[in-house]
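In case you want the letters, here they are:
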Amino acid sequence: MAYSDKVIDHYNNPRNVGSMDKASSDVGTGLVGAPECGDVMKLQIKVNPETNVIEDAKFKTFGCGSAIASSSLATEWVKGKTIDEALSIKNTEIVKELALPPVKIHCSVLAEDAIRAAIGDWKKKQEATRPAEMQIQ
Amino acid sequence: MSSHGTTATLSGHDHGQHTAPEGVKLPIYMDNHATTPMDPRVLEEMLPYFVEKFGNAASRNHPFGWVAEEAVELSRERIAKLIGATAKEIIFTSGATESDNLAIKGVAEMYREKGNHIITAVTEHKAVLDTCKHLEKYGFRVTYLPVQKDGLVDLDDLKRAMDDKTILVTIMAANNEIGVIQPVAEIGKLCRERGVIFHTDAVQAIGKVPIDVNKMNIDVASITAHKIYGPKGAGALYVRRKNPRVQLVSQIDGGGHERGMRSGTLNVPGIVGLGKACAIAQEEMAQEACKLAGLRDRLKDSIMSRLDEVYINGSVEHRLPGNLNISFAYVEGESLLMGINDIAVSSGSACTSATLEPSYVLKALGTGDDLAHSSIRFGIGRFNTQAEVDYVADRVVDTVQRLRELSPLYEMAKEGVDLKSVKWAAEAH
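Going line by line, the protein sequences match chains A and B.
Under our numbering, the first residue of the first sequence is numbered 11, with each subsequent residue one higher.
Under our numbering, the first residue of the second sequence is numbered -12, with each subsequent residue one higher.
Keep in mind that the hints are not guaranteed to be accurate.
As the list claims (entries may be wrong) - Each pair of labels, with its calculated beta carbon distance range:
| # | chain 1 | residue 1 | chain 2 | residue 2 | range |
| --- | --- | --- | --- | --- | --- |
| 1 | A | G28 | B | S292 | 24 to 30 angstroms |
| 2 | A | S98 | B | A148 | 57 to 63 angstroms |
| 3 | B | K410 | A | G28 | 21 to 27 angstroms |
| 4 | B | V109 | A | P112 | 27 to 33 angstroms |
Stated by the list, open to error - Selected chain A positions facing chain B (Cβ under 10 angstroms, derived; list incomplete):
| # | residue |
| --- | --- |
| 5 | V17 |
| 6 | I18 |
| 7 | N22 |
| 8 | P24 |
| 9 | L41 |
| 10 | P45 |
| 11 | E46 |
| 12 | D49 |
| 13 | V50 |
| 14 | T71 |
| 15 | G73 |
Unchecked claim - To be clear about the criterion: a stretch of chain B counts as covered by chain A if any three or more of its residues have a C-beta under 8 angstroms from a C-beta of chain A, and this derived list gives those stretches:
| # | stretch |
| --- | --- |
| 16 | 308 to 319 |
| 17 | 350 to 359 |
| 18 | 387 to 399 |
Worth flagging that the hints you see were computed from the coordinates, not collected in a lab.
C-beta atoms are modelled at their ideal positions from N, C-alpha and C, and glycine is treated no differently.
Okay, chain A solo, but in the shape it has when bound (with noise of 0.2 angstroms):
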């Protein structure tokens, strides 16, 4: 298996590789994947409550190295996006960006879902946290 330089980049030097607090209110934390099938995510993003905006996320990944490349690649591109700009990424562009192979498509796939549990994750701790009236819209 040949990888592409995006992904050996990145493989070298993963960007935003860590962890923030997931009982944090402002803290999304998006865990996909499974051990037995090879590819487990962990991606957490921190959004400011006020604008929406993801001010920060960290990852860390078991995978192969594109699946590693392909959440790496993720957090770069959710920081200082807003919730719905962030929801709007799609796994072909991470393919595309990445040049990954057939067989390695589902690493992006992983890569988008861990987005969409993150934002999903911190969606549902606002509407725990708060007033009741905000959530009729």
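With chain A fixed as given, assemble chain B onto it according to the hints.
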């Protein structure tokens, strides 16, 4: 292999910032179960048989043929000697896959009247498993024996599986992934007592550990040159000629070469190489096994003393001297290979296989899929050095540590989360 139009070379790769220590040339080849480099002594012996001594060994009426035939017969003797057989019991083939096919299909067809039951094991090479599956389509019944946690076949399972329709037991001598050596002599004894033919795929074992077809009651054995520092495309099949005489139905018909069992002009240079490889193994096996086991244990100890949660797959005791197959928990195998890209080894990870399934051999040992994905096979061979082993150990330890820092599973385990109790999202795959 290449999906981005790059051309694979051995020297042109970017090996990052890693510099080789004194006396170590990168990349390091440590995948000797896949294939071995050819021993220069083997090449030297083969060379005259391409241009100068090019004759067809079947040409009976001129010296070109006689010279070729003489070389072939010397090889036959050398191979036979290594396994305690006689020269007439060696049939030349194109390699292990053909040998396994000829052995299993050849016996099945020949003894069809006697019975239709074949016994093998789940950890066999695909050349055996797929051949057995093929025969199932033609009315044969195949028992695939499970293996124990250490990779060994349970002899009681084998006994129970045998019935009056059993005509063939085919169980490998040593496994290509985990290097586990089966109790070949005990299996041979059981088969002999019941009048069942015993074939063993011995390609990983021959030349590495002693194999004696008479002491072990082996009736048919597959051999290949490229696993013992010989050329690719040259193999052999040992077929017992007496006590009992084993007959095979040929799978390739033609000029009646190899006593009618395998037609086709003999690959004389390849056969010369196989013979020389066996002669060298005969001379050097005992000493080499000792050296390889020493290097293997050095690698194992160096890695295991510095990393926690590292597991050896398969029996440590019944194992080829140059084999080490270990799982590094919380680290995926392909990403580990990528981190040690100046070292050639293999992984049981799904990502490295065509089928996207983790190693069926490791699964058969009861290794969980998570640990199968995390496995690396080191195959130490004749030309590996202690300096290489030390370099490999350092690189593996560094890379595993780096990838564990990146691994959410390692983090969760350190936090005390029981990974087995986590309900994982099923989106993957």
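Hint check results:
Roughly 29 angstroms separates the CB atoms of G28/A and S292/B, a value that falls within the hinted 24 to 30 angstroms. Under the hint 57 to 63 angstroms, the C-beta atoms of S98/A and A148/B, about 59 angstroms apart, fit the expected range. A C-beta distance of roughly 24 angstroms is found between K410/B and G28/A, which places it inside the suggested range of 21 to 27 angstroms. Look at V109/B against P112/A: about 30 angstroms separates their beta carbons, and that is inside 27 to 33 angstroms.
Interface restraint check: V17/A against chain B, minimum CB-CB distance 9 angstroms, threshold 10 angstroms, status holds. The criterion of a C-beta within 10 angstroms of any C-beta in chain B is met by I18/A, whose closest approach is roughly 8 angstroms, and the hint holds. Interface hint status for N22/A: upheld, as the beta-carbon distance to the closest one in chain B is roughly 7 angstroms, under 10 angstroms. Checking P24/A against chain B: minimum C-beta separation of about 6 angstroms stays under 10 angstroms; hint holds.
Checking L41/A against chain B: minimum C-beta separation of about 7 angstroms stays under 10 angstroms; hint holds. Taking 10 angstroms as the C-beta cut-off, the interface hint given for P45/A holds, the closest approach to chain B being about 4 angstroms. About 4 angstroms separates the beta-carbon of E46/A from the nearest beta-carbon of chain B, less than 10 angstroms, and the hint is met. For D49/A, the interface hint holds, since its Cβ comes within 10 angstroms of a Cβ in chain B; the closest pair sits about 5 angstroms apart.
For V50/A, the shortest C-beta to C-beta distance to chain B is roughly 6 angstroms, which falls under 10 angstroms, so the interface hint holds. Below 10 angstroms, beta-carbon pairs count as interface contacts, and T71/A has one with chain B at about 6 angstroms; its hint therefore holds. The restraint placing G73/A at the interface with chain B holds, with a minimum CB-CB distance near 5 angstroms, inside the 10 angstroms limit. Coverage of the stretch 308 to 319 of chain B by chain A holds in this model, with 3 residues showing a Cβ closer than 8 angstroms to a Cβ of that chain against a need of three.
Proximity of the stretch 350 to 359 of chain B to chain A, defined as three or more residues with a beta carbon under 8 angstroms from a beta carbon of that chain, is established by the 3 residues found. Coverage of the stretch 387 to 399 of chain B by chain A holds in this model, with 7 residues showing a Cβ closer than 8 angstroms to a Cβ of that chain against a need of three.
Hint compliance for this structure: every hint is met.
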